[in-house]
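Using this note's numbering, read the sequence shown as starting at 754 and increasing by one per residue.
Note that these hints are calculated values from the structure, not bench results.
Where a beta carbon is used, it is the ideal one built from N, C-alpha and C, also for glycine.
Just so you know, not all the hints are guaranteed correct.
Here are the computed distance ranges between Cβ atoms for each label pair [stated by the list, open to error]:
| no. | residue 1 | residue 2 | range |
| --- | --- | --- | --- |
| 1 | Pro850 | Leu952 | 31 to 37 Å |
| 2 | Ser951 | His801 | 29 to 35 Å |
| 3 | Arg838 | Val767 | 27 to 33 Å |
Distance condition first, Cα-Cα at most 25 Å in a straight line; then the derived SDA-like pairs of lysine to any residue [said to hold, decoys possible]:
| no. | residue 1 | residue 2 |
| --- | --- | --- |
| 4 | Lys771 | Thr759 |
| 5 | Lys928 | Phe772 |
| 6 | Lys928 | Tyr799 |
| 7 | Lys769 | Arg858 |
| 8 | Lys863 | Gly851 |
| 9 | Lys803 | Leu817 |
| 10 | Lys919 | Gly851 |
| 11 | Lys846 | Phe879 |
| 12 | Lys863 | Lys884 |
| 13 | Lys830 | Glu783 |
| 14 | Lys919 | Gly818 |
| 15 | Lys803 | Lys846 |
| 16 | Lys846 | Leu952 |
| 17 | Lys803 | Tyr915 |
| 18 | Lys912 | Thr926 |
| 19 | Lys846 | Asp865 |
| 20 | Lys803 | Lys884 |
| 21 | Lys803 | Thr947 |
| 22 | Lys928 | Gly790 |
| 23 | Lys771 | Ser788 |
| 24 | Lys830 | Ala888 |
| 25 | Lys884 | Gly869 |
| 26 | Lys912 | Glu892 |
| 27 | Lys896 | Tyr799 |
| 28 | Lys919 | Lys771 |
| 29 | Lys912 | Ile893 |
| 30 | Lys944 | Arg838 |
| 31 | Lys896 | Asp920 |
| 32 | Lys845 | Gln910 |
| 33 | Lys830 | Arg858 |
| 34 | Lys919 | His805 |
| 35 | Lys846 | Cys949 |
| 36 | Lys919 | Ala794 |
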Amino acid sequence: MQDRETIFETVPAVFKTKFPRLTCIIDCFEIFIESPGNLLARTQCYSHYKNHCTIKVFVSCSPLGAINFISRCWGGKASDIQIVRDSGFATKKYHMPGDQILADRGFTLKDDFASGSCSELLIPSFTKGKKQLSANEVEISRKIASVRIHIERIIGQLKNRYLILKDILPLRTVKNIADESFDLHLSNCDKIVTVCASLVN
754 MQDRETIFET
764 VPAVFKTKFP
774 RLTCIIDCFE
784 IFIESPGNLL
794 ARTQCYSHYK
804 NHCTIKVFVS
814 CSPLGAINFI
824 SRCWGGKASD
834 IQIVRDSGFA
844 TKKYHMPGDQ
854 ILADRGFTLK
864 DDFASGSCSE
874 LLIPSFTKGK
884 KQLSANEVEI
894 SRKIASVRIH
904 IERIIGQLKN
914 RYLILKDILP
924 LRTVKNIADE
934 SFDLHLSNCD
944 KIVTVCASLV
954 N
């Protein structure tokens with residue numbers, strides 16, 4: 754994550770008026786992969802949203818559009834909430850009290866961010882349980898949507914610049930391999946996504 758002082762000093766004026774403590778905007782994106790022959794693996798990778806086998810990646814960018822966090826790759830069946838929780842992104846390792854994080858309404862993790870780092874997750878309001886949103890809720894949701902477009906642009910830029918992320922990845926890139934230098938088990942797709950994210954900055 755970038756230094757907070759740098760973020761706050763360089764944040765565009767449009768963000769300062771809407772979200773003065775904004776440090777990041779978050780979302781997930783999916784990459785098509787070959788369909789595994791193993792039924793269990795296929796089930797874990799099948800994305801109903803994309804109607805295809807995919808891997809899913811959680812990404813965060815600063816208000817200036819620099820990618821400041823990228824998760825490991827997950828099977829397309831994994832929920833956004835599951836990936837964020839597993840990544841530890843809601844903890845004080847990445848956020849300070851009062852930080853504001855913008856997300857889509859699917860990221861129902863306000864309590865996770867509040868308890869994990871005393872930060873504030875801002876998502877558009879739901880109409881659940883009521884006929885319509887209040888004028889204030891509509892205005893806040895509109896502001897969030899106008900700023901969230903930045904993460905969508907970053908994801909689009911990532912995929913358009915590095916066409917490997919637009920193609921169907923072969924299964925061999927998804928299998929875990931030992932990385933002794935970091936004592937981790939990383940797949941080639943983890944490395945591919947991380948390198949592409951680093952280069953797009």
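(message) For a C-alpha distance cap of 25 Å, please report whether Lys846 and Phe879 respect it.
(response) violated (29 Å)
(message) So if I understand the rule, the pair passes when the alpha-carbon distance is 25 Å or less; does Lys803 with Tyr915 pass?
(response) holds (20 Å)
(request) Starting from Lys803, check that the Cα of Lys846 is at most 25 Å away, please. (result) violated (32 Å)
(message) Given the hinted pair Lys830 and Arg858, is their Cα-Cα distance within 25 Å?
(response) Status holds; Cα separation ~18 Å.
(message) Check the hint pairing Lys803 with Leu817 against an upper bound of 25 Å on the C-alpha distance.
(response) Distance ~29 Å between Lys803 and Leu817 Cα, so the pair is violated.
(request) Quickly compare the C-alpha distance for Lys919 and Gly818 to 25 Å and report which way the hint goes. (result) holds (20 Å)
(message) With the threshold set at 25 Å, check whether the alpha-carbon distance from Lys884 to Gly869 stays at or below it.
(response) Roughly 32 Å between the alpha carbons, so the hint for Lys884 and Gly869 is violated.
(message) With the threshold set at 25 Å, check whether the alpha-carbon distance from Lys919 to His805 stays at or below it.
(response) Holds - the C-alpha atoms of His805 and Lys919 are around 13 Å apart, at most 25 Å.
(message) Lys919 and Lys771 were given as a pair; does the straight-line alpha-carbon distance stay at or below 25 Å?
(response) violated (33 Å)
(request) Verify the proposed pairing of Lys928 with Tyr799, using a straight-line Cα cut of 25 Å. (result) The hint holds at about 16 Å.
(request) Below or equal to 25 Å on CA atoms is what counts here, so check Lys896 against Asp920. (result) The given pair, whose Cα atoms are some 34 Å apart, is violated under the 25 Å limit.
(message) Given the hinted pair Lys803 and Lys884, is their Cα-Cα distance within 25 Å?
(response) Outside the cut-off at roughly 30 Å; violated.
Of the numbered hints given earlier, the model fails hints 5, 9, 10, 11, 15, 20, 23, 24, 25, 26, 27, 28, 29, 31 and 32; all others are met.
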